[in-house]
Amino acid sequence: MTMADNYNKVLIIGGGPTTLGSENELDAAAFEKVIAFKKMGTKVLYLDNNPFSVVADEIQAANVFFQTINLENIINIITKEHPDAILFSVAGLLGQKLALQLYQSGILESEHVAIIGNSLTTFQTVADSDRLRQLLTDWNEPVIASRTVASDDDAVEFVREIGFPVIVKPLSTDHDTSRIICFNMDDLEAALQYSFDQTYIKRCSIEQSIVGFKEIEMVGIRDVDGNKILVTGLENMDPIGIHSGDSIIFAPTQTLINEEYQRLRTATFKIMDALNITGSCHIQFAQSRTDSDYFVTKISPYFTRNTALATKATAYPIAYVSTFLEVGHPLAEVRLPSKYSHIKPLLEPTLDHILVKIPLWPFEDIPDADQHLDTVMKSVGSTIGIGRTVEEAIIKAMHSSQFSPRDILPSVQNIDDDDVINQLIHPLASRILILIEALRRGFSIDDLAELTKIDQFYFYKLKQLIFAQTFVQTNPLTAESIKMGHQYGFGDGMLAELWNTSIQTVEKLNQDNNVQVTYKEVESSAGEFIENTNIFYSSYELENESQPFETDSALVIGRGGNQLGPNAAADYYTSQVLIQLHKSGYKTIVLNNNPNAVSMSPQLSDKQYIEPIQLGNILNIIRLERPKVIVLPGNRHYLAKNLKQRDELNIIVLPPDQKDAQLIRPEITNAVDYFIDGNVILPITTISYSVTSYKRNQRYNTNYQQPMNQFTQYGQKLIAEGRKQLTGGHWQGLVQVLFEETTPGNFKFAGIRPIRITETAFLTKATGINWVRVLVKKNLGNLDLVRLAELLSHTEPKRFAIMNGIFPFEALHARNHQGSSKQEVGASLQFKNIDQQKKE
Amino acid sequence: MPTTRYLILEDGTSYTGQAFGSLATTTGEIITNSTMNGYQEIITNQVHHNQIIVFTQPSIGNTGLDQNAYESILPSAKGVVVREYENLATDHLKRISLDRYLKQHGIPGIYGIDTRQLRHHLQNQGTMKASIVDVDDEHAFDQLSATVLTNQQVAQVATPKPYPNPGEGDNVIVVDFGLKHGILRELSKRKCNVTVVPWDTSSEQIMDFDPDGVVLSTGPGSPNSLPESVLHMIKAIESQVPLMAIGLGHQLFGLANGARILPLDVEHHGSNHPIKEIITNEIFYADQEQGYEIDKKSINHKQLLITYLDVMNGTIQGLRHRDFPAFSVEFLPDGAPGPKDRVDLFDDFIEMMAVRRRNDNG
Amino acid sequence: MGKVVLDQMAMQRALTRITYEIIEKNKGVDDLVLIGIKTRGVYLAQRIASRLQQLENVSVPVGELDITNYRDDVEHDKPTETEVTITNSNPNISVKDKRVVIVDDVLYTGRTVRAALSAIMDLGRPKMINLAVLVDRGHRELPIRADFVGKNIPSSQKEKISVLVSEIDGKDAVEINK
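Residue numbers (our numbering), protein chains in the order written: chain A, 1 to 840; chain B, 841 to 1202; chain C, 1203 to 1380.
Where hints are given, some of them may not hold.
Below, simulated DSS-like cross-link-like pairs (lysine-lysine); rule was C-alpha separation at most 30 Å, straight line [claimed, not checked]:
no.	chain 1	residue 1	chain 2	residue 2
1	C	K1205	C	K1240
2	C	K1229	B	K1137
3	A	K9	C	K1240
4	A	K777	A	K80
5	B	K969	B	K1142
6	B	K1142	C	K1229
7	B	K1029	A	K270
8	B	K1142	C	K1298
9	A	K344	B	K1136
10	A	K798	A	K777
11	B	K1142	C	K1353
12	B	K1116	C	K1380
13	C	K1373	A	K298
14	A	K270	A	K80
15	A	K344	B	K1137
Rather than coming from a laboratory, the hints here were simulated on the basis of the structure.
Let's have the full structure, built from the sequences with the hints guiding it.
Now the structure itself:
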């Protein structure tokens, strides 16, 4: 048995700004890892430039480096701070590249610093597709056959070997080229002619086509002694050809027979052994629909989006456990955090629930993007639904996604049958709706499965849902309909919408029929052991497992699936609210359904509900938990309005609604931020918005700097002016007074608004005062204003904090927009010395 | 509309659900199985003879039945209890749907049950009798408590006559105590020339086949219900040819070598428990279908080595004879269903036969 | 990298089986001494010893034998008694009246084993000597036969069979290179 390395000081490389393909899951994983390192007595340094990182707030400010994640900055930190080791496993794909570069730089030897987890060989093998292919072939694992050819003869000979269909792709050194699928000799001849014409270097690649195969993913962990568990399998409903990030995903797998499943499990273990993985590994496979063939398509020996999904499906704390494995502890000796009372990390997860993930796409905010689903990921977020039946899980996930909550299975009437067929073959983001529509129009399941390459099983399930909805609609307000609806995952809010009645009427009907929601725990032993993960989802069955807390509790209603706009920030905000409520003595309960949210880290709350964030579901939870306080972070007018109608509830909406903003001038260049409690107005700082002229319009204020340019010259004047504007007003909490610098040095009052969520996060990082927690304390009535004023008096600006919005236009092949705050996908944060800025 | 039926338990509990499969009224021992794949392999495993199987896997039947995955020809389970059931036969192996299969074999199914609650209940109350019935009245409960389940389980499911499963390789005798086909499949993959013989075949009759090795199969019920003669057979065989014993066969191997057998409070059927191989400290997973355990205190360490342990409940998962090439495992290494992490135990067995041949020749 | 014929798992299992066979053949572990032939045979002997430790809670001595000087197919002067060394962390290791198991990675012509036998006999007279090899690849040139074989791998003389051990090669495997 190998001895674990005991590190005194570890540098964790963060996930960087949120963007398409990576939300807050890396920050959530890093959060668990920091807890694990604390348990080992290891000091943590942290490098990240994501202003919405919760981890960064959990580590002493002096040990957090807000810098761009690149080799140069990592080397700088190594030479200045001398960490014993560096962790890259929560830094995504970029982290893998950087780890390799760092190995090659030679600095690891000269500075005596180690990379935690996988070895140089593992990094090299995974990074080099030829080498990886060779390794897999040596280990008898099937990979897609592919060859570079220089002539028709070469091509034909190779195709004779591997058989049709194949994909032909002209090789080009300077641009992306198209891929042509060929089913027969005629296709191949045409494709070769076209491709050789296209390529300047006269080379084409030919590979075996697996388009239409099932995409199955496996997430496992392995320790240094070679002990492994398979955390879970994931099944993409959509076939290979649609990026897994854009696919609807089920956990556990639904349509594999035992033999197929076990083959992939064995392959996963073999690959993890071959690569000598420590920690988690996520492997993707293509599974044939017509025979038992499979291919390994992707190996990710680091924390990925779907590793996060596996954690949500099983409640197995992958990131936490892997940390111990990465530093060399054997799996058998890892102790789980106290809440997993009776569970050993060696117990292989077995589930008695089903999880469904549905992606969310940003096309409403960026309408000119290419909306076709293909091999390039376009979704910006996702929601999950958990249920005891497949239908229940689908409905919950769908109901949590962007489709109208008023319509459970919306009709798509404005397109003809040809369009339906076209969209079945070339799916758009509205895929699930088209599938349902096609079923409604009477397409046969055989035909649909053939057109879409989606397993028939899913069509049967969707058909059941259509049947259930019709039944519920045609039998309004009956006990049978309630039962049917609940069984298929229709919440009370949905039933109310379907019957065009109030939710109170449905609640009454439930009471009359003695129908009560039950909550089941998400845990990994299928009821064999008592786990106390305190993560719940609803069903309508016999046994309710969720008991209300005996002491005061607070319910925080999470933001749900990520979309463009201030979503990553809202998740950060939600997390901070949870932390403060807990510190203020409340048992915290969070409701959310975003698998990538930090606020869903089990350690951040006392209890979680993974449920649709809809009025009916919220009311059910409130009825059970009777929380003392309900906090609603973010602008959610409908929910706020409906919850506030119920006088018995103590609702706190944070931050106050942006609708209250008073804007006089549309163009904004500067602001002064204040904290107001009662009559006390405390100035915090000045802000400059981006100098780019088009960014002056308040809709485009996504780049900001604290303090403002020339703050020594104009700062005090603006602060005084702002205070004048606020005096005698009704404003409370975090407020900013806006200005437009019309000519140099000439500032005109432009309006007042509550400080937005993104800017609150920025302000927290910039000033070192956690403003979300301050706001929560103010609302709970336990804020020490004197101490806050004292803190503020010491915040003499020594550096500029600069935040820049990040937009997904390029990733989505959309034209470049100005980038409004609604189109923001994330932001980056950096600090500059004030002197340095002056020189520039 | 589906028919409403009831699952009633010996302790007086009644569950309401909907019928699928056969509409027969049956009584059996109720157990839960938490393996996530392979409902077909589970239902057809004779280890579930006279048992009503509660699946914790919430949805079964999503794939049709596969001709290559039956574990017996005539399944003898007494019922299937599940949260949700699918009557599909849609995958590429599509042949027969679950509903049709259960009807063919007179096995009732009941769905719409809060199987998670039921599992919690059984974990607390232990293994007990249950029935799937049309009416959950007093009469049904009386019937249930009056029913005495047979202890002649092996005799009911094992083959009455020898039959061959020809191959070109080692000559292997499989003693059938309620054999699962996975064992034959693994032996066939390794080209064995197999003869399956009835459970009560004597050692002389077995040795008359001139075997290279002998396998003691899986099977239902308690090893204590089998006559002494079986233990004599094992004692005689183990000293002559390589021996591999699985499941019930493992318990009999222990019994034959002086160990005691104890019933588990709650039967364990699943493949989630880590199993430790003592000699290497390695952890692996395999399907376990376990109602009894070998009492650790009763092991004669001069004769037997304990080779595998269940990390969760500490039960013995494997033994090996000190003096002979004979070993046994409680878990099912054939991976039908469940992980195939230890399917190479069959390779070890083949290798043991090769070693014996080598030694005999040399 | 060559074709993997035994992966990590298979190699572990072969050593495990050999360990059980050693117990079986020796009726226990009393008087047992393992002598590993350098380099990889030593690691394999240590693995067998650690298995015996796990199983029987007995520490079986492991000796190391460098037989370069004994190979009859290598040109050298006949070694003197003092050049023959069985090194061990336990200085009191002795083969006299012991049940010795020689452990090597690959059994090929048999010349290495013959040399090992001579070296051991030079040290004292064991009660019995057995031979355990991970791989028997055939092509024997001497009448030597292993008592415990992990895997018989028929091979042509052109092929090279390499046993890799994680202690020095970073991984456990047996590979064939053409």
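Checked hints:
Between the alpha carbons of K1205(C) and K1240(C) the distance comes to roughly 24 Å, so the proposed pair stays at or under 30 Å and holds. Proximity of K1229(C) to K1137(B) is assessed by CA-CA distance (about 22 Å); at most 30 Å being required, the pair is judged to hold. Note on K9(A) and K1240(C): the hinted pairing is violated, with a Cα-Cα distance of about 39 Å set against a maximum of 30 Å. Of the supplied pair hints, the one linking K777(A) and K80(A) is violated, its CA atoms being roughly 38 Å apart against a limit of 30 Å.
Restraint check for K969(B) and K1142(B): the C-alpha separation of about 40 Å exceeds 30 Å, so the hint is violated. Distance check on the hinted pair: K1142(B) and K1229(C) sit about 10 Å apart at the alpha-carbon level, within 30 Å; holds. Restraint check for K1029(B) and K270(A): satisfied, since their Cα atoms lie roughly 20 Å apart, inside the 30 Å limit. A distance of roughly 26 Å separates the Cα atoms of K1142(B) and K1298(C); the hinted pair therefore holds under the 30 Å criterion.
Of the pairs offered as hints, the one joining K344(A) and K1136(B) holds, with about 22 Å between alpha carbons and a cut-off of 30 Å not exceeded. Between K798(A) and K777(A) the CA atoms are separated by roughly 28 Å; this keeps the pair inside 30 Å, and the hint holds. Taking the CA atoms of K1142(B) and K1353(C), the gap is near 29 Å; set against the 30 Å cutoff, the hint holds. In summary, the hint linking K1116(B) to K1380(C) is not supported, as the alpha carbons are separated by about 38 Å, beyond the 30 Å threshold.
Restraint check for K1373(C) and K298(A): the C-alpha separation of about 23 Å stays at or below 30 Å, so the hint holds. The straight-line distance between the Cα atoms of K270(A) and K80(A) is roughly 40 Å, outside the 30 Å bound, and the hint therefore fails. For the hint linking K344(A) to K1137(B), the alpha-carbon distance of about 25 Å falls within 30 Å, and the restraint holds.
Checked against the numbered hints listed earlier, the structure breaks hints 3, 4, 5, 12, 14; every other hint is satisfied.
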